[in-house]
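Chemist: Chains A and B, in that order, give the protein sequences.
At the far end of the first sequence sits residue 113, using our numbering, and the numbering has no gaps.
At the far end of the second sequence sits residue 1112, using our numbering, and the numbering has no gaps.
Just so you know, the hints here were simulated from the structure itself, not pulled from any lab data.
Just so you know, not all the hints are guaranteed correct.
To spell it out: a stretch of chain A is covered by chain B in this simulated footprint if at least three of its residues, at any positions, have a beta carbon under 8 Å from a beta carbon of chain B; those stretches are [as the list claims (entries may be wrong)]:
1) 44-52
2) 102-113
Pairs of lysine-lysine, DSS-like flavour, derived with a Cα cap of 30 Å [claimed, not checked]:
3) A:Lys101 with B:Lys1057
4) B:Lys1022 with A:Lys44
5) B:Lys1037 with B:Lys1022
6) B:Lys1022 with A:Lys41
7) A:Lys44 with B:Lys1057
8) A:Lys44 with B:Lys1104
9) A:Lys54 with B:Lys1057
In this text, a Cβ means the ideal position worked out from N, Cα and C, and glycines have one as well.
Here is how the chains run, residue by residue.
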Amino acid sequence: EAGVTQFPSHSVIEKGQTVTLRCDPISGHDNLYWYRRVMGKEIKFLLHFVKESKQDESGMPNNRFLAERTGGTYSTLKVQPAELEDSGVYFCASSHPGGGKRYFGPGTRLTVT
Amino acid sequence: GENVEQHPSTLSVQEGDSAVIKCTYSDSASNYFPWYKQELGKGPQLIIDIRSNVGEKKDQRIAVTLNKTAKHFSLHITETQPEDSAVYFCAVGDSGNTPLVFGKGTRLSVIA
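Could you build the full structure based on these sequences and the hints that come with them?
Modeler: Pasting the structure below:
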């Protein structure tokens, strides 16, 4: 079974630019989560999809962040315009429809200069 | 909301010794407690988890203990090896699909 994949692995952009991160969950996993870890701090929740619906987006920092999951398969997280404080590692995780174990992808390291 | 505290933030042990990492949580309704290991350049990998209907779970050299009354749980690694060196995160949630709340992580270094 393939794991959670994320693209790109690294992204370096300038302040004010736009970046789109992609996550492909494990096949059959209805639950998809986005998390972020900033500079050695804890892994913080951003939002949760169940299939294509946003179940919980309470962790999204502001309206510069837009997540989508069209068709309930892969998801994208767009940051527009990027700010310096958006730098960090963005992780995606997925789990079975009934919940339980969450499996993480390798992350995308975003650096905003 | 849930608050998770993890200690210590760094831990160094000699190869072959044991390592213990502790976490406390605040929401008594939480009932799912996974531990993740993150190696350099990789994502967090689930290494063991426990649900609130059991007090202890073991998997080879790794064990997790849970005290629901005191709202704390611990990761125990015995006979540590250099490849155990990584950052370990505890997390708290429910056995459904609500988002996990993570501790700040413990950087474990196993010295050969």
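Chemist: State the violated hints by number, sorted upward, taking the hints as numbered earlier in the document.
Modeler: 9
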